[in-house]
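If you want the building blocks of each chain, they are given just below.
Protein chains: 2
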Amino acid sequence: MRVENSNGETLKDTSSKAAKDNAEIYYDNDDSDRFYFHVWGGEDIHVGLYKEPLAQDEIREASLRTDEWLAGELALTGVLQPQAKGLDLGSGYGGAARFLVRKFGVFIDCLNIAPIQNKRNEEYNVQAGLADKITVRYGSFQDIPCEDNSYDFIWSQDAFLHSPDKLRVFQECSRVLKPGGVMAMTDPMKEDGIDKSSIQPILERIKLHDMGSLVLYRSLAKECGLVTLRTFSRPDSLVHHYSKVKAELVKRSDEIASFCSPQFQENMKRGLDHWIEGGRAGKLTWGGMLFRKADKL
Amino acid sequence: MRVENSNGETLKDTSSKAAKDNAEIYYDNDDSDRFYFHVWGGEDIHVGLYKEPLAQDEIREASLRTDEWLAGELALTGVLQPQAKGLDLGSGYGGAARFLVRKFGVFIDCLNIAPIQNKRNEEYNVQAGLADKITVRYGSFQDIPCEDNSYDFIWSQDAFLHSPDKLRVFQECSRVLKPGGVMAMTDPMKEDGIDKSSIQPILERIKLHDMGSLVLYRSLAKECGLVTLRTFSRPDSLVHHYSKVKAELVKRSDEIASFCSPQFQENMKRGLDHWIEGGRAGKLTWGGMLFRKADKL
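Residue numbers (full-length UniProt numbering), protein chains in the order written: chain L, 1 to 297; chain C, 1 to 297.
Okay, chain L solo, but in the shape it has when bound (with noise of 0.2 Å):
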């Protein structure tokens, strides 16, 4: 999620390719791996939805239940028919994509940039014998290395943020579904009419140039041909998420030190506090959005 590599440098992101590499190098080391594997979801690495009260959900289980729920809104729009073929973008240790190929019987390529991430997802689809359904990729979504018209849909969870050129991110997007196609992405956000100035410290810490908002996915996606469906922004899911993972740094930290440097986790603490507070503040926000390629709802 946050750009910054374990010794909490700062990273510029003012490319397409600068943001492929601190993405990379953000996930793609074992601090990292080992902290968002052990404590961060397991498979899942995207924010959950949470049951309050908070202290008796957990993680793992909020991690599960938000691949469900927007498993169902996809499901509405009726593309998950089995043998479909889906795209999953930014797609982490895979945990999604056995999800919606178990559930509903169709085929998923996962792109990914952190080869560690994708060596993992790999290993795991063949403990599930899932292998023949799910097809792993080094790539990142501002160059997909996919012909035209390829997907009945896309799937991304909190990937996007990473992109320096989001406009780039949906053109690719509505080059790869087929007509009647249907995207459904999560991301953290900043609430529409949120300034960049008045989240500066929030960015710095974070090590992003700016961020996405509702109203800018839907004008990208407006401009590259994709309809939005329906829009969700859930600010308390931000705040307990991030409120969950500190905690749970909190009480494991013994734990934690063997496995993640004592930088690491300051600096893991740090921006967590900051997601927290943009949260509350109601500055930042996390949701989703569903966008079909076509000409009307």
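Mixed in with the good hints there might be a few duds.
Where chains are identical, the list cannot tell them apart; a pair therefore holds if satisfied intra-copy or between any two copies.
[As the list claims (entries may be wrong)] Straight-line distance between alpha carbons at most 20 Å, and here's what the computed SDA-like set of lysine to any residue pairs gives:
id, residue 1, residue 2
1, LYS296, ASP273
2, LYS51, GLN81
3, LYS196, ASP148
4, LYS196, ALA247
5, LYS103, GLY282
6, LYS196, ARG280
7, LYS296, ARG137
8, LYS51, GLU73
9, LYS246, HIS38
Honestly, the hints are just simulated from the structure, not real lab data.
With the hints as your guide, set chain C onto chain L.
Positioned in the frame of chain L, the structure of chain C alone reads:
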């Protein structure tokens, strides 16, 4: 939903009293009752969530899907505990109240201004053996006839649009919610940023002075001490629902003619077209929000 009487006359809605009367006149007459009861969705008369392809889905199933969805969202906040006390504002025939009572073991007070609907609601509750868990009251959400801090949750579907004084509605909701209580609501709305003037023909046809929007409701909520937990905008549901009701009206016109006047049918069809066109043009949407009576997320 639309405030016009069965002869399609324009009804002024410049005061609380007038709004109550308009909605009462609209819903509390035999044509409306028979139309909503036989065509719209039976026990549930709100916008549905459709599974595409639309032709293969039913209004009644889609309406139930809305109840399940909104209840699922509300359940995540932790307020739907057994014995919890809820208030349904604009409760219609009470379909949602019975659903919530059955599924969660809660108690519900239904507040509604159409005696014809209230009578049917009470009959259903007796038939279902739920009369001890659901109380039906005649009244307006502009002046909720309840004590301060009495409810664990408020539920309202597609009702607030009738109010010309939405601040007053939110003040009343905040007043009767217990601290920490949650309100879940849905409503047909303007898209954010859409000016009243650009939907004037629609407003005139549907006999409303103006409409709410996510931005407006969020701001009113804040003014009344309610924190926004989540917002949902589903323009596709708006278009689907009114398209489906219109298709039903056309398909069953002979049957409907036996219990609704031709004038009522004609007005209804024109009203439905305006909703559909407004949704397709990106001017109108239908969506929901969850608020908590609290200081912060």
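Going down the list of hints, with the structure as the test:
1. LYS296 with ASP273: Answer is between: at 15 Å across copies they meet the 20 Å cutoff, but 41 Å inside does not.
2. LYS51 with GLN81: Classified as between: cross-chain Cα gap 12 Å, same-chain 30 Å, threshold 20 Å.
3. LYS196 with ASP148: neither (34 Å within a copy, 41 Å between copies)
4. LYS196 with ALA247: neither (28 Å within a copy, 46 Å between copies)
5. LYS103 with GLY282: neither (36 Å within a copy, 33 Å between copies)
6. LYS196 with ARG280: Close inside one copy (17 Å), not across copies (31 Å); limit 20 Å.
7. LYS296 with ARG137: Neither. Shortest intra-copy (33 Å) and inter-copy (42 Å) distances fail the 20 Å Cα cut-off.
8. LYS51 with GLU73: both (19 Å within a copy, 9 Å between copies)
9. LYS246 with HIS38: within (13 Å within a copy, 53 Å between copies)
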